[in-house]
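Enquirer: These are the residues of each chain, in order.
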Amino acid sequence: MSLHDRPTLAELLQAVRGYLNEEVAKTSDRRARFRALIAANVLAIAERELSTAGQDARIEDERLRALGYAAGDAAARRRTLCAEIRAGRFDPPPRFAAALAYAREMVERKLAVSNPRYLES
Amino acid sequence: MADASATQTLDVVRNDVERFLSGQTGKRARIVEAKLLAGGASQESWSVEVALEPGSERLDLVMRRDMGGVLTFATLPRATEFAVIAAAYAAGVPVPQPFFEAATIAGRPAFFMQRVDGEAVGRRLVSDPSFAAARAKLPEQMAHALAAVHRIEPRAAGLEAIAPGSESASSTLQVEIERLYRELDSVDEAHPALELALRWLVLHEPPREAERTLVHGDFRIGNILVGPSGLTAILDWEFAHIGDPLEDVAWPCVRAWRFGNVALEAGGIAERETWLQAYERASGRSVDRERIAYLEVLGNVRWAVGASMQARRHLSGVEPSIELASLGRLSAEMEYEALRLISQWKSA
Numbered sequence: 028m029s030l031h032d033r034p035t036l037a038e039l040l041q042a043v044r045g046y047l048n049e050e051v052a053k054t055s056d057r058r059a060r061f062r063a064l065i066a067a068n069v070l071a072i073a074e075r076e077l078s079t080a081g082q083d084a085r086i087e088d089e090r091l092r093a094l095g096y097a098a099g100d101a102a103a104r105r106r107t108l109c110a111e112i113r114a115g116r117f118d119p120p121p122r123f124a125a126a127l128a129y130a131r132e133m134v135e136r137k138l139a140v141s142n143p144r145y146l147e148s
Numbered sequence: 154m155a156d157a158s159a160t161q162t163l164d165v166v167r168n169d170v171e172r173f174l175s176g177q178t179g180k181r182a183r184i185v186e187a188k189l190l191a192g193g194a195s196q197e198s199w200s201v202e203v204a205l206e207p208g209s210e211r212l213d214l215v216m217r218r219d220m221g222g223v224l225t226f227a228t229l230p231r232a233t234e235f236a237v238i239a240a241a242y243a244a245g246v247p248v249p250q251p252f253f254e255a256a257t258i259a260g261r262p263a264f265f266m267q268r269v270d271g272e273a274v275g276r277r278l279v280s281d282p283s284f285a286a287a288r289a290k291l292p293e294q295m296a297h298a299l300a301a302v303h304r305i306e307p308r309a310a311g312l313e314a315i316a317p318g319s320e321s322a323s324s325t326l327q328v329e330i331e332r333l334y335r336e337l338d339s340v341d342e343a344h345p346a347l348e349l350a351l352r353w354l355v356l357h358e359p360p361r362e363a364e365r366t367l368v369h370g371d372f373r374i375g376n377i378l379v380g381p382s383g384l385t386a387i388l389d390w391e392f393a394h395i396g397d398p399l400e401d402v403a404w405p406c407v408r409a410w411r412f413g414n415v416a417l418e419a420g421g422i423a424e425r426e427t428w429l430q431a432y433e434r435a436s437g438r439s440v441d442r443e444r445i446a447y448l449e450v451l452g453n454v455r456w457a458v459g460a461s462m463q464a465r466r467h468l469s470g471v472e473p474s475i476e477l478a479s480l481g482r483l484s485a486e487m488e489y490e491a492l493r494l495i496s497q498w499k500s501a
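Residue numbers (the numbering used here), protein chains in the order written: chain A, 28 to 148; chain B, 154 to 501.
Keep in mind that the hints were calculated from the coordinates and are not lab data.
Beta carbons: idealized from backbone N, C-alpha and C, even for Gly.
Among the hints, a few may not be true.
[Stated by the list, open to error] Listed next, the stretches of chain B that the computed footprint assigns to chain A, with coverage defined by at least 3 CB atoms under 8 Å from CB atoms of chain A:
| id | segment |
| --- | --- |
| 1 | 375-385 |
| 2 | 449-458 |
| 3 | 472-484 |
[Unchecked claim] Computed, partial: chain A to chain B, Cβ under 10 Å:
| id | residue |
| --- | --- |
| 4 | T79 |
| 5 | Q82 |
| 6 | E111 |
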């Protein structure tokens, strides 16, 4: 449990999102309304990321290891993977398929945070 | 941009706009109303209503003006965009009539054009029942307008400035892929999905384009104005260039430009084949479906990189904006779509 009192971090974000959706977005100013809805959506992304960040990190670590990247932090390994894709080291079809499966899974995890509805349609 | 700063911006531009339009018209030009419209990638658009005095003449104008900050997009300078719109207007393409090219308004390049009525908001155009009749006409109208764009002779229209740098051996696709790599590097963030998609584009590059024409560069729902009876104007010419005309045919098929109406693959308003056949009839070209599919992957990569770059305008502090910030998390959608298309390539 957090040292801090309630509202929890998630509850704070939720409260701000409610304010944006229920009060700011009710303004008559079209541009302000539009931006309030964007801001509320950004907070929803942050809330989802908070709830999945641990699992995202664990799964990415596992998948990078399976691709042969065991050492270093995830960001460094991801950069190495990118450089090697660009250099053509994943051109052989089985290697390409493995990297493609990794990338698709990671993108789906990103979408589950940024816009889960995108995966439904 | 916050409304407070938009108001300040108006105060800054007001004097210059009135002075410039007075000089152009020989009358005293007074701004009756000016509103900031949605911004583009590199410029702002203002709706400007001007009274010319003495007399009762009014001008309904749109002012396109550069935004601040350093941009890495391959966008045209305002003067060149003005020239392209003028050439399109002369060729009978539905575009706002370009009026006055101003050197600078409050320190930034700008020009003026006629304000045209119509709806540009993509989500409304693809779903609002009041546009049902317009939607039925759009594929044919868009195809005719686009074919007319592709018939404009760039050199005859004085558009040499936007021709490719040299008669290099590179295809326009190679040039585009190299540019995307540079832009992705400028974002400075690891994107394995985009690296894979770009590598795939390199490995599957189709033959060099059959011809090069003027290309609008951002032709899609959202960048056209639509009234009750359909297309009224093609907007946003800042990405115009010389290239493969099929780029413009594939771009509206990119999922992001279906505005949620995913099943109608041509801009959320028509079946893909309806659109491709309309363009074939209007242009006299035969459209290579496989090339369109390839260009659709490329289009997804282009907009994924573009969204990441737009987010950097916020992240760098050049232009603090919740809208721009949110675009950083949009690129995953285009990454998903690019990888999905690659996975399905020729397996259908």
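Enquirer: Next step is simple, just say for each hint if it's right about the structure.
Expert: Evaluation of the provided hints:
no. : hint    : result
1   : 375-385 : violated (count 0)
2   : 449-458 : violated (count 0)
3   : 472-484 : holds (count 6)
4   : T79     : violated, 14 Å
5   : Q82     : violated, 17 Å
6   : E111    : holds, 9 Å
Violated hints, listed in ascending order, are 1, 2, 4 and 5; each of the other numbered hints is respected by the structure.
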